[in-house]
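Colleague: Just so you know, we're using our numbering here: the sequence shown kicks off at 34 and counts up by one.
Don't read these hints as lab results, they were simulated from the structure. Cβ atoms here follow ideal geometry from the backbone N, Cα and C, with glycine treated the same way. Please note: incorrect hints may appear among the correct ones.
[As the list claims (entries may be wrong)] Across the chosen pairs, the derived CB separations fall in these ranges:
#1 Thr94 with Thr65: 14 to 24 Å
#2 Phe95 with Val69: 11 to 21 Å
#3 Trp50 with Asn100: 34 to 44 Å
#4 Glu83 with Met34: 16 to 26 Å
#5 Val90 with Met34: 22 to 32 Å
#6 Ser62 with Glu98: 15 to 25 Å
#7 Ile64 with Ile85: 11 to 21 Å
#8 His60 with Asn100: 28 to 38 Å
#9 Ala101 with His60: 17 to 27 Å
[To be verified] Cut-off 20 Å, straight-line C-alpha distance, at most; resulting in silico cross-link-like pairs (PhoX-like, lysine-lysine):
#10 Lys45 with Lys71
#11 Lys71 with Lys36
#12 Lys45 with Lys89
#13 Lys58 with Lys89
#14 Lys58 with Lys92
#15 Lys93 with Lys36
#16 Lys89 with Lys71
#17 Lys67 with Lys89
#18 Lys36 with Lys58
#19 Lys71 with Lys92
#20 Lys92 with Lys45
#21 Lys58 with Lys93
#22 Lys58 with Lys71
#23 Lys67 with Lys92
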Amino acid sequence: MVKIDCYILHVKVGDTWYHWAFLFKPHPSEITEKEVAKGLEDLRDDFFNEEIEEIKVEKKTFEVEVNA
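Given these sequences and hints, build the entire structure.
Modeller: Below is the structure:
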């Protein structure tokens, strides 16, 4: 088993929250402001023409079984 950190963007546009897992790193990990900005750029380019009202970043760690 290996541990993977998953970073999830929670973005509020209007009255709706959107959730997007945008980055996966080996555990333990930290995220940089640049990586968050890149994730937001990708998400905004693909989905939103409206103004983003609120942003949250969440990190979840998962154990993953690797079959070689």
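Colleague: Are the hints correct? Go through all of them and say.
Modeller: Hints, one by one, checked against the model:
The hint said 14 to 24 Å for the Cβ distance between Thr94 and Thr65, and at roughly 18 Å that hint holds. Under the hint 11 to 21 Å, the C-beta atoms of Phe95 and Val69, about 20 Å apart, fit the expected range. A hinted range of 34 to 44 Å for the beta carbons of Trp50 and Asn100 is consistent with their spacing of about 35 Å. Under the hint 16 to 26 Å, the C-beta atoms of Glu83 and Met34, about 41 Å apart, miss the expected range.
Distance hint for Val90 and Met34: a CB-CB separation of about 25 Å, consistent with the stated range 22 to 32 Å. Here the CB-CB span from Ser62 to Glu98 is close to 19 Å, well matched to the stated 15 to 25 Å. Between Ile64 and Ile85 the beta carbons are some 18 Å apart, a value that agrees with the proposed interval 11 to 21 Å. For the pair His60 and Asn100, the beta carbons lie near 19 Å from each other, so the given range of 28 to 38 Å is not met.
At roughly 19 Å, the beta-carbon separation of Ala101 and His60 lies within the given 17 to 27 Å, and the hint holds. Distance restraint check for Lys45 and Lys71: the Cα-Cα separation of roughly 17 Å lies within the 20 Å cut-off, and the hinted pair is therefore satisfied. With a C-alpha separation of about 23 Å, the suggested pair Lys71 and Lys36 falls outside the 20 Å cut-off, and the hint is violated. Distance check on the hinted pair: Lys45 and Lys89 sit about 9 Å apart at the alpha-carbon level, within 20 Å; holds.
Distance check on the hinted pair: Lys58 and Lys89 sit about 18 Å apart at the alpha-carbon level, within 20 Å; holds. Our distance criterion of 20 Å between C-alpha atoms is met by Lys58 and Lys92, whose separation comes to about 10 Å. Among the hinted pairs, Lys93 with Lys36 is consistent with the structure: their alpha-carbon atoms are about 10 Å apart, no more than 20 Å. Taken as a hint, the Lys89 and Lys71 pair is honoured in the structure, with Cα atoms around 14 Å apart against an allowance of 20 Å.
Straight-line distance between C-alpha atoms of Lys67 and Lys89 comes to about 15 Å, which keeps the hinted pair within the 20 Å bound. Between the alpha carbons of Lys36 and Lys58 the distance comes to roughly 9 Å, so the proposed pair stays at or under 20 Å and holds. This hinted pair checks out: Lys71 and Lys92 have alpha carbons roughly 16 Å apart, not beyond 20 Å. With a C-alpha separation of about 18 Å, the suggested pairing of Lys92 with Lys45 holds against the 20 Å cut-off.
For a cut-off of 20 Å, the pair hint linking Lys58 to Lys93 stands: about 11 Å separates their Cα positions. A hinted pair counts as satisfied when its Cα atoms are at most 20 Å apart, and Lys58 with Lys71 qualifies at roughly 15 Å. Restraint check for Lys67 and Lys92: the C-alpha separation of about 16 Å stays at or below 20 Å, so the hint holds.
When the structure is compared with the earlier hints, violations turn up for hints 4, 8, 11 and for no others.
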